[in-house]
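Listed below, chain by chain, are the residues.
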Amino acid sequence: MPQYIANRLLLTLPVLFGILLISFILTHISGDPTDLILPPDATESARKSFREQHGLDRPLWVQFGSFSWHALQGDFGESLRFGVSAISLVTERMAATTELAVAAMVLAIGIGIPAGVVAAYWRNTVVDVVVRAMTLVGQAIPSFYLGIVSIVVFAVMLGWLPTGGRGTWAQLLLPAATLSLHIVALITRVTRSCMLDVLGQDYIRTARAKGLGESVVVRRHALRNAFIPVLTIIGLQVGLLMGGVIVTETVFSWPGVGRLAIQAIYARDFPVVQAVVFLFAMIFVIVNLLVDLLYAALDPRIGYK
Amino acid sequence: MSAAEPTIDAPDAAPKRRSETQEVLRRLYSKPTAVLSTVVVLVVVLCALFPWLIAPHDPFAQSLALRLKPPSFADGGVAGFWLGTDHLGRDTLSRIIYGARVTLIVSLLAVIVSGIIGVWLGLLAGFSGGVTDAIILRLIDTQLAFPVVLLVISLVAVVGPSLTNLVVLMGLSAWPRFARIVRGSVLSVRGLEYVEAARAIGASRLRMMMRHILPNVLSAIIVYTSFELARMILLEATLSFLGLGVQPPDPTWGGMINSGKEYLSLSPAVSLFPGMAIGAIILAFNLLGDELRDALDPQLSHD
Numbered sequence: 017m018p019q020y021i022a023n024r025l026l027l028t029l030p031v032l033f034g035i036l037l038i039s040f041i042l043t044h045i046s047g048d049p050t051d052l053i054l055p056p057d058a059t060e061s062a063r064k065s066f067r068e069q070h071g072l073d074r075p076l077w078v079q080f081g082s083f084s085w086h087a088l089q090g091d092f093g094e095s096l097r098f099g100v101s102a103i104s105l106v107t108e109r110m111a112a113t114t115e116l117a118v119a120a121m122v123l124a125i126g127i128g129i130p131a132g133v134v135a136a137y138w139r140n141t142v143v144d145v146v147v148r149a150m151t152l153v154g155q156a157i158p159s160f161y162l163g164i165v166s167i168v169v170f171a172v173m174l175g176w177l178p179t180g181g182r183g184t185w186a187q188l189l190l191p192a193a194t195l196s197l198h199i200v201a202l203i204t205r206v207t208r209s210c211m212l213d214v215l216g217q218d219y220i221r222t223a224r225a226k227g228l229g230e231s232v233v234v235r236r237h238a239l240r241n242a243f244i245p246v247l248t249i250i251g252l253q254v255g256l257l258m259g260g261v262i263v264t265e266t267v268f269s270w271p272g273v274g275r276l277a278i279q280a281i282y283a284r285d286f287p288v289v290q291a292v293v294f295l296f297a298m299i300f301v302i303v304n305l306l307v308d309l310l311y312a313a314l315d316p317r318i319g320y321k
Numbered sequence: 012m013s014a015a016e017p018t019i020d021a022p023d024a025a026p027k028r029r030s031e032t033q034e035v036l037r038r039l040y041s042k043p044t045a046v047l048s049t050v051v052v053l054v055v056v057l058c059a060l061f062p063w064l065i066a067p068h069d070p071f072a073q074s075l076a077l078r079l080k081p082p083s084f085a086d087g088g089v090a091g092f093w094l095g096t097d098h099l100g101r102d103t104l105s106r107i108i109y110g111a112r113v114t115l116i117v118s119l120l121a122v123i124v125s126g127i128i129g130v131w132l133g134l135l136a137g138f139s140g141g142v143t144d145a146i147i148l149r150l151i152d153t154q155l156a157f158p159v160v161l162l163v164i165s166l167v168a169v170v171g172p173s174l175t176n177l178v179v180l181m182g183l184s185a186w187p188r189f190a191r192i193v194r195g196s197v198l199s200v201r202g203l204e205y206v207e208a209a210r211a212i213g214a215s216r217l218r219m220m221m222r223h224i225l226p227n228v229l230s231a232i233i234v235y236t237s238f239e240l241a242r243m244i245l246l247e248a249t250l251s252f253l254g255l256g257v258q259p260p261d262p263t264w265g266g267m268i269n270s271g272k273e274y275l276s277l278s279p280a281v282s283l284f285p286g287m288a289i290g291a292i293i294l295a296f297n298l299l300g301d302e303l304r305d306a307l308d309p310q311l312s313h314d
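Residue numbers (my numbering), protein chains in the order written: chain A, 17 to 321; chain B, 12 to 314.
Okay, chain A solo, but in the shape it has when bound:
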């Protein structure tokens, strides 16, 4: 196990390098970042002093080295718009985004796993067909569209829930449901197919043969074994969640990192964009690492090859 952890940690190093490289390239992809950040009518002397001040006159690899060194310490420079540290702007809004993401994940797991189990247990019945149809439709609807439709229905027409903002449970419900849509569909699909695999196993027949009740068979013998692949899928959805928060937060004016990222992109506030990209990628990598380790801990057959 320690060997596995060490190897797995070692594997994240090239990924970390890639993340730094992509975050760095972001401002260099179209040439000189000076053109991106300074207004088009800036004087040549202003450009020159900007370049010197930000070290843009140095060779690219030196700039990348310096960027990486600072980025690893959480220093992405000051926001061009607010004049405060970019990373502090991001971390300030992290709580709101985490709240939304956790709520969406709780919803997704709470709906997806039971739905998948039910569909697998009553395979090829009406229940199964309905669940499968709903997952297909769920995967096809863009989440921003669901957000807008739910605003039209629940906020505009019925007036039950607010259209946006943060602070109350009512305000959390629609954004969380919107964000969870694709993940619910995915977890349902994966749970169903894993349960189908497990329900056909000999030990399930054994469990039934020795007279265990159906609910015990399903919960203790089937679901517990089907859970490992489901867990991996859940871990991998963190990436989907992060793409989702950008859209969901924009639709519902949720004051989180995703909305900050979009506003920073519109305002060409690149230090903030870089901070968000780097932070999101790091979270993704760390969650994946944790899922892999958890996976190895849950299933002793998994060793690092």
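Please keep in mind that the hints were generated in silico from the structure rather than gathered at the bench.
Heads up, the beta-carbon is just placed ideally off N, CA and C, and yes, glycines get one too.
Check each hint, because a few of them may be wrong.
Quick list of the computed label-pair ranges, beta carbon to beta carbon [stated by the list, open to error]:
| # | chain 1 | residue 1 | chain 2 | residue 2 | range |
| --- | --- | --- | --- | --- | --- |
| 1 | B | Glu31 | A | Ile244 | 51 to 61 angstroms |
| 2 | B | Glu31 | A | Ser82 | 57 to 67 angstroms |
| 3 | B | Pro67 | A | Ser82 | 32 to 42 angstroms |
| 4 | A | Thr114 | B | Ala85 | 40 to 50 angstroms |
| 5 | A | Val100 | B | Val200 | 38 to 48 angstroms |
| 6 | B | Ala209 | A | Tyr311 | 33 to 43 angstroms |
| 7 | B | Leu229 | A | Gly90 | 26 to 36 angstroms |
| 8 | B | Arg210 | A | Thr114 | 28 to 38 angstroms |
| 9 | B | Arg78 | A | Thr114 | 33 to 43 angstroms |
| 10 | B | Asp69 | A | Val78 | 49 to 59 angstroms |
| 11 | B | Pro67 | A | Pro75 | 53 to 63 angstroms |
Once you've looked at the hints, dock chain B against the given chain A.
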């Protein structure tokens, strides 16, 4: 033996052998969902190809008198404007029909770009093994580690949302999935005897990859292309919704939902119908992918 007797060249009684492609198509279109999905895809393709023949109105024609009219079947609707009009009085149905063009072109080209890069790197990784495989795998992991939407949004914001930029960036964002699928398929056929035989008679690496490996991973690629098209349509819609897709006045489905967002309480129809178009085409490509997988590989039962 008389001349009238049938010769062995004309075995009339034997059933005509279908080609493999015909067999796959027969299996595919024995399913109603496959037929329905194909119809949806065809309708959208026709809209994209000949929008001026199908659209009832000019998608750019504005009219103050016709602002935010509901669909013609609803109260207050105007005859001839079946799905109503937007905040500039433009016909929603015609804009959806013209919008199919941008959506399909961008998504299709993006899938082609990602497919070419991904298939090639996947073949190379699976076939070469060793250091090449390790490097490509790390590349795949690194890129999959990025929240794609955020990455593409940021890059589009930097380089500007032109059609070419969208296609290139979306394509570059999606190749790792193709590469992973192809690499997996290559690994499963690489050790088979016919590949060994090709190697033994001295086939070059390129020839082995192109003639012996690629055709055998082709069905995986076809199935995956269908799913990828659905994903790219979703990404294109998301980008246009965020204002980073093909720019107005060219209609895009995501852009229509975005501009209709401001008028939800007055006329929800402006946003609702383009969303249905997006949902329908994504559902169609996903279903088609599922059915293609079953048709191409009938031995596997997929649930």
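Consistency of the hints with the structure:
| no. | hint | in the structure |
| --- | --- | --- |
| 1 | B/Glu31 with A/Ile244: 51 to 61 angstroms | 38 angstroms, violated |
| 2 | B/Glu31 with A/Ser82: 57 to 67 angstroms | 58 angstroms, holds |
| 3 | B/Pro67 with A/Ser82: 32 to 42 angstroms | 59 angstroms, violated |
| 4 | A/Thr114 with B/Ala85: 40 to 50 angstroms | 42 angstroms, holds |
| 5 | A/Val100 with B/Val200: 38 to 48 angstroms | 56 angstroms, violated |
| 6 | B/Ala209 with A/Tyr311: 33 to 43 angstroms | 38 angstroms, holds |
| 7 | B/Leu229 with A/Gly90: 26 to 36 angstroms | 47 angstroms, violated |
| 8 | B/Arg210 with A/Thr114: 28 to 38 angstroms | 53 angstroms, violated |
| 9 | B/Arg78 with A/Thr114: 33 to 43 angstroms | 42 angstroms, holds |
| 10 | B/Asp69 with A/Val78: 49 to 59 angstroms | 56 angstroms, holds |
| 11 | B/Pro67 with A/Pro75: 53 to 63 angstroms | 60 angstroms, holds |
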